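Colleague: Chains as they are written, first to last, in numbering that gives the first Met the number 0: chain A, 0 to 383; chain B, 0 to 523.
Among the hints, a few may not be true.
[Stated by the list, open to error] With a straight-line cut-off of 30 angstroms between C-alpha atoms, the simulated DSSO-like cross-links for lysine-lysine are: (1) B/K346 <-> A/K333; (2) B/K56 <-> A/K134; (3) B/K346 <-> A/K22; (4) B/K480 <-> B/K470; (5) B/K123 <-> A/K134.
Source of the hints: derived by calculation from the structure; they are not laboratory data. Nothing here was measured: the structure is a model prediction, and the numbers come from that model.
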Amino acid sequence: MMQPDLIPALDPNPLPAPYWVFKLLLVVTFFLHIVAMNFMLGGAVLALVSKWRSGDRENGNRVFFDVARKLPSLLPATITLGIAPLLFVQVLYGQFFYTSSIIIAWPWFLVLVFLTLAYYGFYLASFQSGQHAGKAGGVMLSSVILIFLIGFVYSNNLTLSQSPSRWGGKYFADPAGWNLNLSEPTLIPRFLHFMVAAVAVGGLFLIFVALANWKRDREYARRVLQFGGKAFMYATIAQLVVGVVFLVSLPRDMRMLYMGDNSLATILLLVGVAGGIGAIFLMSDALRKENVRVAAFYVPGIIGVVILSMSVMRDILRDAYLKPYFHPEQFVVKTQWSVFPLFLVLFLAGVILWLVMLKRYGLFSGTKAADTLPSAGSQAAKRS
Amino acid sequence: MNYPAWDVAFGAGLLIALVAILHVFVSHFAVGGGLFLVLTEQKARRNNDLALLNWLKSHTRFFVLVTVVFGAVSGVGIWFTIGLIGPVATSNLIHAYVWGWAIEWVFFFIEITAALLYLYGWEKLDARLHEWYGWIYFIAAFASMVVINGIITFMLTPGNWVKNHQFWTGFFNPTSFPSLFLRFDIALALAGIYALITASVQKDAALKARIVRWSALWIVPSLAVLPALGWWYIRKIPAEVWASARGPMPTGTHYAVLAAVLLAVTFALALLTLVRPGRIPLAFSLLVALVALGAMGSFEFVREAIRKPYVIGNYLYANSLYATQMPGDGGFGVDEVNNAGILQTGKWINNRELTKDNQVTVGRDVFRVECQSCHTTNSYRGVKSYLKLRQWDQNKIQAMLGGLEFMHNGVMPPFAGTDSERNALAAFLGTIQPNPAGAAAVADGKTVFERNCVMCHQVSTADPFYTKLPKDPNAASEALKDLPSLFPLMPDLKLSDQERTALVQWMNTQRSAKGPGTATQGGN
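Just need the whole structure built from these sequences, with the hints factored in.
Modeller: Rendered as C-alpha cells:
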C-alpha cells in the first residue's frame, strides 16, 4: 500500500549548496566510514579467529594483541568518519531517515549503548597482556557481538528508510518504537553482505600488520600475511555467494538496474565482481610467492575501487527505492557562499594537518617500499 | 505532526536531558582538560617533576577514556536523540547550519587524532613534539566548541536570523560571545575537577598535594569569575526570553537558583581540598565532580527552560510548529493548522475523522502530536499532576486550552487546531484526571484563585484583576460571570456563585493587605 501522504515535508531552509555537492560528500565519506568499519570489525573478528583456532597458540595470541591494540584507534576512526555521512544523509534524506529512525526508535537509541560498551570492551581487551589473554578474548568477543548488533540495527533502519509503504503499519502498531524491519526480504542478505565484506577487508588489515613487521620479524610477518591473505580470499569467495543472494533478493526492477537497465549500475557491478575475483587470484598468487608488496598495495588498491563502486551502487539503489517519493528538484538551492568556501579551505587544511600529524608521529616510516620488493618474498618462497 | 512522534513513556524531554547533560559535562572537560594536559606537561618538565609527569601519563589515559570514548559517543548520541524526538528542529538545524556542523567535524577529526597520538606519544615522542600534539588537540577542541556554541546560542537567541536567515547573523547572535566565555570558563574549572579524581587515587602524599593545589588553581579562579560571566550572559538574553522563566511557574528560576547554590558548594568544596591537599580521598573528589555535574545540569536546564515555548527562538515552537507562516513550512505554521485542522494537516494521524464516539481516541492523537514533545500523561512533566492540582473538569480544560500561550508568562505554545479538535483534546485530558472535586467543594477564595486564575494573573494591584474589576464585591462577582466580555482573551469559565463570591472576597483582603502597587506572585 502506498502512503505518500506520510512522507514528511521539508523544512523552510534552502539547501546551502547544490544537491550534487552533498551527494558527493555523502558517498565519499560513507566510503571512508565503511573502510574504517571494515578494518575495525574485520580485524577484531580475525583477531578472535587467530586466537582461538587450533595450532600455534603463541602466534595466535600475538596476532590477537597486535590487532587488539589498534582497535581503540580504529573504532573512533569509524565513528568519526561515520559522523560525516550521518550529517549528509540528514541533509538530503532527512524526511526518510528521521522517520525510519523514529519507527525503530529504541533499537536505534540502543546503538549508543552498544557502541559505548563495545568501545570500552576494546580498550579493556587492549589493556590485557600475556597472562590475562583468555579474559581479553571473551571481552573482545562481547564487543564484536555488540558491533554486529549495531550493524544489524543500521541495516534495519536504512532498509526501512527506503520503504515508506511499510511505515504506517509499523508506527501505528507500536508508536513506542520497539520495531525492526524484519519482514524486509533484503535485510539479512544486505546485513551479511556488509559483515562478510568486513571480514575480507579485515584480512587486508592483517596484511598491513604483516607489512609493518616485515623487516623486524619476518617469520611472524609471513604467518600473519598467510593468515590475513587466506581470510581475505575465503571471505571474498563467500561474498560472491552472499552478493548473488542479495541481488536475487532485490525486487525485480531494482535487480534489473544492475543487469542492463541502468548502464552505470551495471558497469559498477561488473567492476565490483571482476575486481573481487581478480583480487582473489592476485592474492592467491601473492601468498604463494610471499609477495607482501602485491598483497599490501595492489590488492587493497583493487578492493578500494571495488568498495567505492559498491558505495555508488548502494546510492543508486537507495534512489531507485525512493523514486516514487523523493525528488531532488524539491530542494530550493541557495548556496551559502559566506561559509561553504570556508569549509572547503578548512577541510583541505585539516587533511594536510592530519597527514603532517601522522607523519611526524612516524606512522609512514618503517615500511619503506624497498624492504618489500618482491625479490625478498620470492627468495623466501623458493627456500620453503 | 509532520514526523511520527516517538512515544517515550517516561518523557522524551527527560531522555534528551539525560544524554545532553552527561555529554556537556564530558565535552567541556574535553576542552579545558586539553589545555590542562599541555600546561601541566610543560610545568612538570620545567620543574623536572618526574612524579607529576608519570601521573599526567595516567591522567591522559583517563582523559582519553572519558572524552574520546564517552564524549564522542554521547555527542553522536545527542544527534540520534534529537533526531528521534525533535526531527523538525533537527532538520532545520541541519539545513541552516550544515556547513557549521561540517566545519566542526573537521575540528573534531583533528581533535580525536591528536588526542590519541598524544596518549600513545607519551612513550614515543620527544617533549617538544609531544606538546605540539597537545596544543593541536586543545586548539581543535576549542575551535569545535566555538562552532557548537554559535549554533546552540542561535537556538536561544537567534536575533535577526529570524528575519534574514543568514548563517553568520544567527551564529554571531546576542548571546554567542558571553556563552562562549562562560562555557570556556566552566571548561577550565572542570579540567581541575576531573584532575582531582585521578589525583585522589595517588599514594604519594606529596605528589597528591602538588596535583590538588595545581587543580585548585584551575577550579577556584574559574569559579570565582563565573558569576560575572553568568551575569553578562543573562544580561544579553532579551527580557521576553526570560519572562517565561519568571512568574507563577518559574522552572527556569528554580534551576537558576539550584545552579547558583550548587556552584557555591562546588566552590566551597574546591577550597576545602586545600586544607589537607595530600589526603583527599577518592570519595571526596567524586563528590566535587557530582556537585559540579548538578550545577552544570541545572545551568543547561535553565537554558532549555527559558527557551520555551520555542526550540528555535521566535521561529519554531517546542512542539515543532512554526511560529509564523512562511514559504516551505509544509502547512505547519500555527495559523495554518488553526485553519486546516490537525487531522487534515498532520501526516502521522491515525484517525482523520472526528466523530462523537472517537473523541477520546482522537484527543489522544492530538496530545501525542501537540503536547508530547514536552509532556507525558503521568510521568515527566505529567499533565495529570497539573490537572489534579487545579481540579479542572473537561469543560474547564477546554476553556483553558484556548489560552495556553498566555499561561505562566508564555512558557507554552498556543494550541493549534480547530475548536472540535480542542474539544477532543479536552475530552482525552478529562480521562486522565477523571473525578475533579467540583465547584461545590470549594469555598475558599484562595483555592479558587489558585485553581483558575494563577496561570495568568498575579496578586498585584497592577494586575488587571484589580484594575479592571469593579471594587464593589457584588458588581465584581457579577462581572466575573462572563469573562470574555471583560477581556476577549479570557477563557469562558463558568464559576459558581459561591466560587465568585469567595474569590472576590479573598482578592479584596489581598488588596488591603498588600497595599497599592505591591506585587507578589501566586503559589504554584
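Colleague: Look at each hint and say if it fits the structure.
Modeller: Each hint, compared with the structure:
Of the pairs offered as hints, the one joining B/K346 and A/K333 holds, with about 27 angstroms between alpha carbons and a cut-off of 30 angstroms not exceeded. With a C-alpha separation of about 25 angstroms, the suggested pairing of B/K56 with A/K134 holds against the 30 angstroms cut-off. For the suggested pair B/K346 and A/K22, the alpha carbons sit about 27 angstroms apart, so the restraint of at most 30 angstroms is met. Our distance criterion of 30 angstroms between C-alpha atoms is met by B/K480 and B/K470, whose separation comes to about 15 angstroms.
Proposed proximity of B/K123 and A/K134 is supported: the alpha carbons are some 28 angstroms apart, at most 30 angstroms.
In this structure, none of the earlier numbered hints is contradicted; all agree with it.
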